[in-house]
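When you get a sec, could you build the whole thing from the sequences and use the hints?
This is what each chain is made of:
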Amino acid sequence: MQEGLDDGPDFLSEEDRGPRAVNVDLQTDATLQVDISDALSERDKVKFTVHTKSTLPNFKQNEFSVVRQHEEFIWLHDSFVENEEYAGYIIPPAPPRPDFDASREKLQKLGEGEGSMTKEEFTKMKQELEAEYLAIFKKTVAMHEVFLCRVAAHPVLRKDMNFHVFLEYNQDLSVRGKNKREKMEDFFKNVVKSADGVLVAGVKDVDDFFEHEKTFLLEYHNRVKDASSKSDRMIRSHKSAADDINRIASTLYTLGTQDSTDVCKYFLLVSLPLQKIEARVAADEDLKLADLLKYYLRESQAAKDLLYRRGRALVDYENANKALDKARAKNKDVLQAETSQQVCCQKFEKISESAKQELIDFKTRRVAAFRKNLVELAELELKHAKGNLQLLQSCVGVLKGDT
Amino acid sequence: MQLDEEIEDKFELNISITNPEKVGDGMNAYMAYKVSTQTTLPMFRSKTFTVRRRFSDFLGLYEKLSDKHTLNGYIVPPPPEKSIMGMTKVKVGKEDNSSAEFVERRRAALERYLQRVVFHPSLLQDPDVRECVCVCALSGAGFLKMINRATDSLSKMTIKMNESDVWFEEKLQEVEAEDQQLRKLHIMVDSLVGHRKELSVNTGGFAKSVAMLGSSEDNTALSRALSQLAEVEDKMEQLHQEQAASDSFCFAELLADYIRLLGSVRASFDQRMKTWQRWQDAQNMLQKKRETEAKLLWANKPDKLQQAKDDITEWEAKVTQYERDFDRVSATVRKEVLRFEKEKARDFKKQIIKYLESLLQSQQQLIKYWEAFLPEAKAIA
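Just so you know, the sequences run in chain order Z and U. Numbering of the first sequence is given in the working numbering, commencing with residue 1 and proceeding in unit increments. Numbering of the second sequence is given in the working numbering, commencing with residue 1001 and proceeding in unit increments.
Simulated from the structure, these hints should not be mistaken for lab results. This one's a predicted model, so the numbers in the text were calculated from it and none came from an experiment. Be a bit skeptical, because a hint or two may be false.
List time: in silico SDA-like cross-link candidates among lysine to any residue, alpha-carbon distance up to 25 Å [what the hints assert, rightly or not]:
(1) Z/Lys372 to U/Gln1365
(2) Z/Lys225 to U/Gln1365
(3) U/Lys1335 to Z/Cys264
(4) U/Lys1235 to Z/Tyr253
(5) U/Lys1350 to Z/Leu269
(6) U/Lys1184 to Z/Asp243
(7) Z/Lys363 to Z/Asn222
(8) U/Lys1208 to Z/Asp232
(9) U/Lys1344 to Z/Tyr253
(10) U/Lys1349 to Z/Tyr253
(11) U/Lys1184 to Z/Ser250
(12) U/Lys1274 to U/Lys1288
(13) Z/Lys225 to Z/Gly256
(14) U/Lys1378 to Z/Ile360
(15) U/Lys1171 to Z/Thr257
(16) Z/Lys386 to U/Leu1239
(17) Z/Lys304 to Z/Ile74
(18) Z/Lys265 to U/Arg1346
(19) Z/Lys363 to Z/Leu269
(20) U/Lys1197 to Z/Asp243
(21) Z/Lys265 to U/Asp1190
(22) U/Lys1274 to U/Met1285
Below, the structure is given as C-alpha cells:
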C-alpha cells in the first residue's frame, strides 16, 4: 500500500538546484503523479502551478496543469476533514500559510538603511536576505507539494471528487478565505471539540491496540511539540551568532584591505574561513531537524484527530446501545433505536478497521522519515565540519609559516 | 611575548600571574595575585622569585610610569579597566560562573599588562617596575586613584600644529581610524559571545527535549537513535560554551587591550604636540622680550635695560632647550610607534592563530560526535 513511501519533507539545500526531490515510491502510483512544477511569489500571495500526470480515466487529458493558491489547498483539506466517509483515515495535514512577512520586513529595513553602510556591506546583506527569502519560498512550495503527494498516494483520498476538481479545473475555484463570522464559528467549534475530545479520551477502549495508540500519541504529540519549539529557539540563536560572525568577517575584510601591513594580512586571512563556517550549519539544521519535527507535529495531530473521531463513534455506539436497551425495556420506538444502533455500529466498525491500518502506516512513515532526515543531517554536519577543518588548517598553516 | 631584539638573544625573562586568592571579607576584601618571575637578566638579584600583588598595585605602577615617561613621548601600556560590578560580586562572595569568569579575565589581563610593561626595553629600566615584581611591600593598598590622567587630556587637545614631518600626521590619522574599527569590532564580538552563550543554553534545552521524545518513541532503533542525538546535542552545548569563552578570551580581550593601547599611543602624540607648543610659546616670549628691549632702548631707560637683556638670554636658552626637547620627543614617539606596530603584529598573529586553532578543535570534536552518531541513524529500521 504505502510501503516505502517517504513523506518526510525533503527540502533542497541551497546547493542543489536539480529537480525537487520529494521521494515518492512511484511503483504503485504510476497512475497518478502530482507535483508543483512552478511557483510565483507576488505581492501578498503565492501562485502554485500544480502539474498532474495520470492514466486514470477520470481525467480528460493525461497531463495538465492548473494554478492554485494557498486558500484552495486549505479548502481541499477542510473538505476531507468534513467528509464523514473519510472519518477513518489520517487526513494529511494542511500546508502552513506562506509567510514572507519577516523576510520582507528585513529587506525593507535594509533598503532604508542603505545610506548608512558601505557598498560591499549592502550588497552582501542584500544577497543574504535574498537567499533567506528564496529558502522560505522553496520550503513553502515543498510543503504544498508534500500535501498533494500524500493525497495522491492514499488509496481512497486520491479518488476524491474535490481532489480531481482541484487538479483539473483550470479556472479559479472561487474559494474565499473565511470571513470573521466563519472564523469565530471555527473557533467555537474547536473549543467544543477539545472539550469533547477530553471526554472521549477518558473512555477506556476495550481494544488494546487503540488504547495503547491513544496513550502513545498523546505523549508523543506533546513531546514533538516541545522538541519543535526548542529546536526553533536553538536555530534562532544559531542564526544570530552566524549573523554576528558574518558582520565580523566583513569588518575584518575591510580592515584587511585598507593597506598591506602584516596585521592587515592576518585580518584578511582570518576573515575567509569565518565567513564560511557558521551560516551553513545553521541553515541545514533548520531544514533537517526543525522541519521534520514541525511536520510530525502536524501529522501526529492528524492521527490524534482520527483517534478522536473513532472515540466519538465508539461513544455514539455505546450510547445507541444504551438507548436500544431502554427502548426495548419500555417497548417504545424500538425499530428506530435498532436502526440508529446499527448505523452507529457500522460507522464505528468502518472507522476502526481503516484506522488500524492508518496508524500502522503512520508509524512506518514516521520511522522512515526520521531515519532519512537524521542520516542526512549527520552526513551534512560531517561534510561541513570536514570542509571547515580543511579551510582552518590551511589558514593556520599560512599564518604559522609566515615569519 | 618576545623581548626586544637587543636583549632577546642574550637573556630570558618569563613573567606570569597566577593563583588569584580572596583576602579578607565583605566590602574590604580584595583579590591578591601571585606574580612569578623567572629570568637571567643581571639587573635582578635572583633567577626566580614571586610576590603577591593586588589590582590597585598595578594601577599605582601605571600612574608612576605615566607620570615619568609619557611626557618624553613613551607609549606607556594602560592597565586593565576597573570594574565596580565585577569586584563587588567577588567581595560579596558570590561564587558563580560569572564571578569566576571575571576573576580569570582580570588575571589574564593583568598578566598581559605586566608583560607589555616588562618587555618594553625603556620601561624595564625603571626601578618602579622592578619593585612591582620583586620587592614585598608596594604603594599603600586600598585606594584607587582616577587613572586615565594622560589619556583623559587627549580628548581636549585642540593644538593646531604646523607639521613639518607629515609622517606624524599620517600616523595619527591611521591610529584614529584603527581605533574606530577596533571599537566596532569589539561591539560585534561582544554580541557574538552573548549569542553563543544563548545558543549553548538553547542547545541544552533542545537536547533534553529530544531525549524525552526518544523515550516516548516506540520503535526501538529510532528511540535509541534519538537518545544518541540528544547526547550529541548535549556535547554541542558544551562545545558552544567553550567556543564562547574562546571568542571572549582570545578575541574580545585582545581588542579591548588594543583599544586601550591606542589611547596611550594618542597620548604620546599629544605629548609631542605639547612640547611643540611649549617651544612655540617660548619663541613668542623671546620675541616679546626682544620687543621690550627695543622699546626700552628707544625710551632710553638704561636701568631696566639690563633686566631686559637678561630676560632675552634666559628665553633664548629656553627656546634652544625646548626645540631640543621637541626633537627628542619626536624621535622617541617615532621609535615607540614603530615598536608598537611590531608588537601589535606579533600579538594579533598569535591570538588569531590561537583563535583559529580553537575553532579547529571544535570542528574536530564535531566530526567525532557526528561520526559516532551516523551508524546509529543508519541502523534505524
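Pair hint Z/Lys225 and Z/Gly256, alpha-carbon separation not exceeding 25 Å:
The hint is violated at about 46 Å.
U/Lys1378 paired with Z/Ile360 [C-alpha distance capped at 25 Å]:
Holds, at roughly 21 Å.
For the pair supplied as a hint, Z/Lys363 and Z/Leu269, confirm whether the alpha-carbon distance does not exceed 25 Å.
50 Å, violated
Within a Cα-Cα threshold of 25 Å, do Z/Lys225 and U/Gln1365 meet the stated pairing?
30 Å, violated
Hinted pair U/Lys1184 and Z/Asp243, Cα distance within 25 Å
Since the Cα atoms of U/Lys1184 and Z/Asp243 sit roughly 15 Å apart, the hinted pair holds (cutoff 25 Å).
Would you check the hint for Z/Lys372 and U/Gln1365, treating anything up to 25 Å between C-alpha atoms as holding?
24 Å, holds
Pairwise hint evaluation, Z/Thr257 against U/Lys1171, where the allowed Cα distance is 25 Å at most
17 Å, holds
Within a Cα-Cα threshold of 25 Å, do Z/Lys363 and Z/Asn222 meet the stated pairing?
Between Z/Lys363 and Z/Asn222 the Cα gap is close to 16 Å, so the pair holds against 25 Å.
Compare the distance between the alpha carbons of U/Lys1184 and Z/Ser250 with 25 Å, and conclude whether the hinted pair is satisfied.
Within the cut-off at roughly 12 Å; holds.
Hinted pair, alpha-carbon criterion (25 Å max): Z/Lys386, U/Leu1239. Please report holds or violated.
The given pair, whose Cα atoms are some 16 Å apart, holds under the 25 Å limit.
Just to be careful, I want the Cα atoms of Z/Lys265 and U/Asp1190 compared with a cutoff of 25 Å; is the pair within it?
23 Å, holds
When you check the alpha-carbon spacing of U/Lys1274 and U/Lys1288, does it fall within 25 Å?
Between U/Lys1274 and U/Lys1288 the Cα gap is close to 21 Å, so the pair holds against 25 Å.
Comparing the model with each earlier hint shows violations of hints 2, 4, 13 and 19; every other hint is respected.
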